[in-house]
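In numbering that gives the first Met the number 0, the protein residues as written are 0 to 418.
Keep in mind that a hint or two might mislead.
Stated by the list, open to error - So the derived label-pair ranges between C-beta atoms look like this:
no.: 1; residue 1: A70; residue 2: R123; range: 25 to 35 Å
no.: 2; residue 1: G139; residue 2: L166; range: 15 to 25 Å
no.: 3; residue 1: Q401; residue 2: N312; range: 39 to 49 Å
no.: 4; residue 1: F276; residue 2: L141; range: 22 to 32 Å
no.: 5; residue 1: E262; residue 2: P407; range: 45 to 55 Å
Everything labelled a hint here was simulated from the structure, so no lab data went into it. Just so it is clear, CB atoms sit at the ideal spot from N, CA and C, and this is done for glycine as well.
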Amino acid sequence: MAAPDRAAELGQLVAALTRPTALVELAAVAGCLVAAWALVRLLRGKAPAAGSIWFGERVIDGVLFPALALALAYAARWALAGQLPIAVFRLALPILISLLAIRLTVRVLHSAFPAWELMRVFERSVSWIAWGAMVLWVTGLLPLILSELEQITWKVGSTTISVRNMLEGVVAAIVVLMLALWVSSAIEARLLKGATDNLSIRKMAANAVRALLLFVGLMLALTAAGIDLTALGVLGGAVGVGIGFGLQKLAANYVSGFVILAERSMRIGDTVRVDNFEGRITDISTRYTVIRALNGRESIVPNEMMITQRIENSSLADSKVSLTTTVQVAYGTDLDDLMPRLQQAVAAAPRVQADPAPAVHLTAFAADGLELTIGFWITDPENGQLNVRSGVNLAILRALAQRGVEIPYPQRVVRNAAD
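Please build the complete structure, drawing on both the sequences and the hints.
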């Protein structure tokens, strides 16, 4: 369409927006928004699932609200098409389409990559692109721009590609990848929901499903972009050579990740020691394992290291961990009476297990007193060891005070050389 015709059509749209019938359309659009909000609020309930793509954190920031509003607006436009001149709906529908595209992209990426630092920048970029495309569509400039871009072509082998084809392929690729991420996030959430002892197996299945869906989505996206997939055979050979040389470590980490999850030699929640770093496994991804120490520090360990090095796993067969503490009592103390009392006091301390029961042993004849070693077991080392050892020491101190047992301390006699 020529520029003067487009300018005249835009002028007619502005004139139609000033007519009294535009108020009827505006009321219909407002009714669609209110109805969509009410339906989402009803379906959402009082406690929606955290991170839901459909509902979001609030009623209007999910995908369902703009989708329902768009469907209701299309229905209202169809109902009023033969009775009123359409003007407001010509603006409302592109706005709702842009809002739906923004919400879908942002919510899916939030669910798939919750810790991505560039999420805010990407969200703003998507918003600017969507709203810019909406303005170009309403003003009638988008078809003109696409027509000009179609004239810019170049040959790739025997195929002629235009800038318009590339842009449409990129849009189709983004849509396909967003849908693949959406489906994989939903499957992962369903697999990990309610997982306890089989969390690692479910995590492996979720990673495998996501990798498969992303691979299929990438193939469909390349097809939508007009790229001949037969040419990927040469690319696949080059990638194989690259993995054999430059990407050998990366490939080893990915393979090791699936081996760890399949063998279940290490599971999420296990307490392990790797390279003098001890902590609890909080996540096992396809490339690395995250270990969190009791002091809050986290270590990101490549999965290959978890396979090739010796790993101390305190929770592989049994979650029980043995701890000890020592105390000295004065010579002459009745140990036959004291040791059972200390055993009962330690057994009553919080988090100390009754089976195996605490044990008290005479381990040394020290210079200042008799050294007793008290051993006990806990089953939750991830909750800290220093706090439970402190509780045991306080119980021992109270038991000694109740029995009147003296804790000896070093005594030294200093003599003057002149004496």
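Do the hints match the structure? See the list:
1. Checked against the hint of 25 to 35 Å, the C-beta distance between A70 and R123 comes to roughly 27 Å, which is consistent with it.
2. In this structure the hint that G139 and L166 lie 15 to 25 Å apart at CB holds, the actual value being about 18 Å.
3. About 40 Å separates the C-beta atoms of Q401 and N312, a value consistent with the hinted range of 39 to 49 Å.
4. Taking the beta carbon of each, F276 and L141 are about 56 Å apart, not inside 22 to 32 Å as hinted.
5. In this structure the supplied range 45 to 55 Å holds for E262 paired with P407, their Cβ-Cβ distance being about 52 Å.
Violated hint for the displayed structure: number 4, the only one.
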